[in-house]
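Protein chains in written order, with my numbering: chain A, 1 to 303; chain B, 304 to 556.
If you're looking for bench data, these hints aren't it; they were derived computationally from the structure.
Accuracy of the hints is not assured; some may be wrong.
Stated by the list, open to error - Calculated pairs, BS3-like style, for lysine-lysine (alpha carbon to alpha carbon, straight line, at most 25 Å):
1. A:6 to B:321
2. A:141 to B:322
3. B:322 to A:109
4. B:391 to A:128
5. A:141 to B:391
6. A:269 to A:295
7. A:109 to A:128
8. B:322 to A:6
9. B:322 to A:269
10. A:128 to B:321
11. A:141 to A:109
12. A:128 to A:141
To be verified - Label pairs and their calculated CB-CB ranges:
13. B:350 to A:131: 37 to 47 Å
14. B:350 to A:85: 49 to 59 Å
15. A:93 to B:333: 26 to 36 Å
16. B:329 to A:210: 51 to 61 Å
17. B:307 to A:131: 25 to 35 Å
18. B:344 to A:131: 45 to 55 Å
19. A:110 to B:495: 55 to 65 Å
20. B:329 to A:85: 48 to 58 Å
21. B:503 to A:58: 44 to 54 Å
22. A:14 to B:325: 29 to 39 Å
23. A:196 to B:323: 38 to 48 Å
24. B:404 to A:26: 28 to 38 Å
Where a beta carbon is used, it is the ideal one built from N, C-alpha and C, also for glycine.
Now for the letters of each chain:
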Amino acid sequence: MTSPLKLSGLTKRYGDTVVVDGLDLELKAGRCHGLLGPNGAGKTTTLRLALGLIAADAGTVDLLGQRLPARAEVARERVGVVPQMDNLDPDFTVRENLQIYGRYFGLSKREMIGRIPALLDFAGLAGKSEALIATLSGGMKRRLTLARALVNDPDLVILDEPTTGLDPQARHLIWQGLRRLMGQGKTLLLTTHFMEEAERLCDDISVIDQGRVIVQGSPRELIQTHIEPHVVEIYGDGLNEWQACGSRHCHRCEQAGETLFCYTQTPSKVVAELAAHPGLRYLHRPANLEDVFLKLTGRDLRD
Amino acid sequence: MINLNWFPVWQRNFLVWKKLAMPSLLGNLADPMLYMLGLGYGLGGLLHQVNGVPYLHFLAAGTLCYSVMNSATFETLYSAFSRMHVQKTWEAILNTPLTLRDVLVGEWLWAASKSLLSGVAIILVIWGLGLYTDFSLTLALVPVIVLTGLCFSGLGLAVNAVSPNYDFFLYYFTLCITPQVLLGGVFYPPTALPAWLAVAADWLPLTHAVNLARPLLLGRWPDAVALHALVLLAYGLAGFLFGLRQTRRRLLR
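Go ahead and model the full structure; you've got the sequences and the hints to work with.
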């Protein structure tokens with residue numbers, strides 16, 4: 001099966017700034033691929049290149065068997081997009097939003113009338129078909145945007161930060177929806193800042209920074225390959241004194257503000273040492289994708 | 304333009320307009336009616352005859368062109384800017400198989416269609432008040448309205464493309480629209496202007512629209528039809544192409 005999206009040596013410059021720098025990416029059909037990276041890493045630009053909205057300075061984009069940007073319009077007939085910012089049509093109702101969006105894909109009113117009930121059902125908006133957009137909650141708008149991305153029954157769905165700004169309930173609903181799409185065999189490409197989201201949903205992950213893929217693999221592989229399996233977070237009085245002593249059981253130590261992150265293979269030995277420092281408090285947990293992400297991209301702010 | 308990809312964009316705007324069609328049509332009529340009644344009777348009472356006809360008859364063609372210009376301009380400035388910049392409607396459409404060219408052709412033709420509606424509403428008033436000489440000639444006003452609408456919609460899209468915000472439109476109104484209203488022959492014959500100003504007025508697109516519309520209402524076929532039509536089309540096409548180029552730089556870079 002050919003890859004739904006293949007980016008090779010993709011490069012995009014704005015003046016002297018290289019935003020995407022020789023990026024390679026190959027999606028596997030029917031899987032969810034997560035694109036992680038700090039702000040300004042080039043995620044959104046990569047998505048715009050992948051959709052053929054902007055032209056690359058170098059490299060190639062193959063989207064659903066079409067070479068872009070020349071064949072972008074043909075390729076986009078089978079792609080759904082959930083943008084970072086909601087851009088639903090405020091002049092229309094929920095139903096009209098889906099119907100009009102279908103027109104952009106050449107779907108007649110009749111075809112859309114056939115598809116809309118299932119889309120509303122998918123979005124959990126069955127009772128809201130005549131509601132105006134302004135009356136919807138943030139979570140409802142997001143779900144409608146997701147349903148709108150499905151009007152053309154796409155093979156590939158591209159989602160740019162689909163759950164940013166949502167409360168946990170709304171986020172879980174979106175996740176359920178995305179799992180259902182994977183169950184239907186659709187390929188997903190999503191960017192996110194929530195490592196938990198990526199860890200739960202994505203089969204494959206690419207961490208990008210400064211316009212390049214720095215690591216790639218399944219969440220589990222990334223955690224196994226790039227980081228010690230356990231983390232002890234230590235905070236409280238006497239942290240500096242303890243840190244000065246250090247612990248030979250910490251393989252790697254990072255201090256962020258008032259908290260020390262001790263990455264270790266042998267957490268029980270670290271915890272035993274901490275018993276001698278009653279002023280210190282700690283949290284022992286398994287390492288996760290966020291630890292990998294912070295190790296690879298650093299703890300500095302990227303605004 | 305050859306393909307019909309622009310049509311869903313046109314249709315989207317039409318469906319929004321349909322929801323507010325009545326107030327929109329009344330608005331289209333109120334402004335020109337006030338001009339015609341206020342100036343036509345007020346000023347007309349002092350002037351009696353202009354170019355051999357009652358002032359109200361003379362004013363009708365100017366008001367028609369002025370309204371069509373206004374309708375096309377407002378649609379491509381404020382309304383299109385809302386869709387492009389505030390609601391991000393264009394960005395949503397660009398994620399579908401449609402291209403920016405499809406979006407802008409749709410907007411261009413939509414604004415021209417809307418100004419055609421304004422123009423037709425005024426023709427109805429002109430018929431109702433009997434402000435014409437030869438009825439069959441007034442039918443030729445329809446293509447004049449279409450050309451005028453395309454002209455000012457194209458120019459409007461050019462301004463829209465380079466506007467950072469709504470306030471910017473005020474420059475366009477002050478520097479481009481108002482001079483055309485005052486110098487383009489809406490309220491008085493251009494022969495009243497000093498020669499140097501009349502030459503300048505000849506470069507304004509609205510002058511050419513009025514030069515086509517006025518004779519048709521006064522019962523004769525206009526001179527130099529092809530020239531006036533060509534000027535209107537050229538302004539509109541140039542505005543559209545510049546607008547497309549600048550909007551591409553703005554949204555797709």
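Outcome of the hint check:
Annotation: proposed proximity of residue 6 of chain A to residue 321 of chain B is violated, straight-line Cα distance about 43 Å (limit 25 Å). At most 25 Å may separate the alpha-carbon atoms for a hinted pair to count; residue 141 of chain A and residue 322 of chain B meet this at roughly 22 Å. About 18 Å separates the Cα atoms of residue 322 of chain B and residue 109 of chain A, which keeps this hinted pair within 25 Å; it holds. As the CA atoms of residue 391 of chain B and residue 128 of chain A are separated by approximately 23 Å, the hinted pair is consistent with the 25 Å bound.
Distance check on the hinted pair: residue 141 of chain A and residue 391 of chain B sit about 15 Å apart at the alpha-carbon level, within 25 Å; holds. Distance hint between residue 269 of chain A and residue 295 of chain A is fulfilled; the C-alpha atoms sit about 23 Å from each other, no more than 25 Å. Among the hinted pairs, residue 109 of chain A with residue 128 of chain A is consistent with the structure: their alpha-carbon atoms are about 19 Å apart, no more than 25 Å. Of the supplied pair hints, the one linking residue 322 of chain B and residue 6 of chain A is violated, its CA atoms being roughly 44 Å apart against a limit of 25 Å.
In summary, the hint linking residue 322 of chain B to residue 269 of chain A is not supported, as the alpha carbons are separated by about 71 Å, beyond the 25 Å threshold. A threshold of 25 Å between alpha carbons decides the hint, and for residue 128 of chain A with residue 321 of chain B the separation of about 22 Å falls inside it, so the pair holds. For the given pair, residue 141 of chain A sits about 22 Å from residue 109 of chain A by alpha-carbon distance, which is consistent with the 25 Å threshold. Using a Cα cut-off of 25 Å, the hinted pair residue 128 of chain A and residue 141 of chain A holds, with the two alpha carbons roughly 11 Å apart.
In this structure, residue 350 of chain B and residue 131 of chain A break the distance hint of 37 to 47 Å, their C-beta atoms being roughly 56 Å apart. Separated by about 56 Å at the C-beta atoms, residue 350 of chain B and residue 85 of chain A satisfy the suggested range of 49 to 59 Å. At about 29 Å, the CB distance of residue 93 of chain A to residue 333 of chain B agrees with the hint of 26 to 36 Å. A C-beta distance of roughly 57 Å is found between residue 329 of chain B and residue 210 of chain A, which places it inside the suggested range of 51 to 61 Å.
Checking the proposed 25 to 35 Å range against residue 307 of chain B and residue 131 of chain A shows it holds: the Cβ atoms sit about 31 Å from each other. A hinted range of 45 to 55 Å for the beta carbons of residue 344 of chain B and residue 131 of chain A is consistent with their spacing of about 49 Å. Range check, residue 110 of chain A to residue 495 of chain B: Cβ separation about 59 Å, and the 55 to 65 Å hint holds. At about 35 Å, the beta-carbon gap between residue 329 of chain B and residue 85 of chain A misses the expected band of 48 to 58 Å.
A beta carbon spacing of about 50 Å between residue 503 of chain B and residue 58 of chain A agrees with the range 44 to 54 Å that was offered as a hint. In this structure the supplied range 29 to 39 Å is violated for residue 14 of chain A paired with residue 325 of chain B, their Cβ-Cβ distance being about 47 Å. The hint said 38 to 48 Å for the Cβ distance between residue 196 of chain A and residue 323 of chain B, and at roughly 45 Å that hint holds. A C-beta distance of roughly 31 Å is found between residue 404 of chain B and residue 26 of chain A, which places it inside the suggested range of 28 to 38 Å.
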